[in-house]
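Take the given structure of chain A and dock chain B to it, following the hints.
Those protein sequences? They're chains A and B, same order as listed. Under the numbering used here, think of the first position of the first sequence as 1, with each following residue one higher. Under the numbering used here, think of the first position of the second sequence as 1001, with each following residue one higher.
Here are the simulated SDA-like pairs of lysine to any residue, each with C-alpha atoms no more than 25 Å apart in a straight line:
1) A:Lys-3 with A:Glu-262
2) A:Lys-48 with B:His-1247
3) B:Lys-1048 with A:Gly-155
4) B:Lys-1048 with A:Glu-57
5) A:Lys-3 with A:Leu-27
These are calculated hints, taken from the structure and not from any lab test. Computed from a predicted structure; not experimentally measured.
Number of protein chains: 2
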Amino acid sequence: MKKENAIGVFDSGIGGLTVVKALMERLPTESIYYFGDTARVPYGIKSKDTINRYAMEIAKFLLRKNVKILIIACNTMSSVAFEMVQQISSVPVLEVIDAGARKAIRESRSRVIGIIGTPATINSNAYARKIHSYDPNARVVSQACPLFVPLVEEGWLDHPVTRLTAQEYLRPLLAENIDTLVLGCTHYPLLKPLLREIVGPQVVLVDSAVAMAERVAGLLEEKGLANNASLPVEYRYYVTDVPLRFHTIAERFLGRGLGNIELINLPL
Amino acid sequence: MKKENAIGVFDSGIGGLTVVKALMERLPTESIYYFGDTARVPYGIKSKDTINRYAMEIAKFLLRKNVKILIIACNTMSSVAFEMVQQISSVPVLEVIDAGARKAIRESRSRVIGIIGTPATINSNAYARKIHSYDPNARVVSQACPLFVPLVEEGWLDHPVTRLTAQEYLRPLLAENIDTLVLGCTHYPLLKPLLREIVGPQVVLVDSAVAMAERVAGLLEEKGLANNASLPVEYRYYVTDVPLRFHTIAERFLGRGLGNIELINLPL
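Pulled out of the complex, with its shape left as it was, chain A reads as follows (with noise of 0.2 Å):
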């Protein structure tokens, strides 16, 4: 395995883009392919068997394209799939939730640690059961927040529809009094300004973009694989579809215009 070789990042669609944007800040002399399934997302909707299928085909897509490193970003797909594409990699994986929830393990102090995702990521229990590995006695509260995946999506991050939508939410998790929220959903980063107003400054917000981008620098070291040669790195996104507004939205999470984007037809 050549250190050159890029980190893999894959997402059903495009709210991965904010693991790639931490990804470039916190490792800027890596390169990154990143695959949006932008062409059957949401996953949050989908059969277990469905996301295992899609997430089988995108991992060995990847593995062709010789990445050192195989990041699953969708969550939906980290609580379903990771096991299964674990066991055909030869390259290691990591998934978003292990790094959400070793997080918010270590911020919490109270050990009532809110958690909010779409209904496929909470009905899967991932975030609990893997809280619990760490912390048998952390208390794990889940919301399921169906709706600001589709607001982020329209664009309304500091919308009174959206602060409305947030505070029903957010109500039984703030009752249960947590003291740590983890966003176990790629979208919601964008959300964070507003979901500080609505949690108050002392409600600590695991980040799981960024807590992966720690752990992939701490595995890439600890493997001999992190990059130090200050050639120029390459990034490329490969989506399914290229639908509307995609740009637009693609850059709102990057936070950055996106170069070299690849169309590839289905079935991969």
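Chain B alone, transformed into the frame defined by chain A:
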């Protein structure tokens, strides 16, 4: 073609069940086969090429089941893929946009007609073109409402968030003094009571599902294809995925329980 053959209805997901419901009420002696592409929903954010490809696959599937008429219940597919489906179909093809446009023309007195739908439907301009083909002097005012589908699927049919969202989306249409509003998405009939409150009693709401059932009844009579026998009817539901909360949401659309659901694997 036998009169006992079923009516084929297809949609990107479960929204088309509002058309099935209207058909069951208007044509109680007809069998209905429904195809909902629940693994690949929503289509409203996909490109035209992808929508065309999926629509053709589904149409061929239903034609193999010997349906006597094909109904495109999805506004997005109607606006993009109608001509292509018609070219390969051996049976008559109807689509919701034509049905809705005809009804709007009949209902409007001021000739100022509002259209609401998904971004793909609105950007296709299909309703405006269809209405102008019947009445070149009509004025059409359109508004994309990307949050309505997730709000309906969340079940927030009479929720302050939905009210606030609808007020924001409908404000520009009401400012133009529309006298008729076409609900250009199969999910929207579930919002009728709330939309009625916002637009007031003077604006006619055109429900495409009801308009379609009337068109189908007329066409079957005209072609001598109406099933007048009092045989037991058969309702079949083909879906490409059975996601979380499928039955709950589907039954909300259909207004009754679903019987015979068959899971169809992709690719078709």
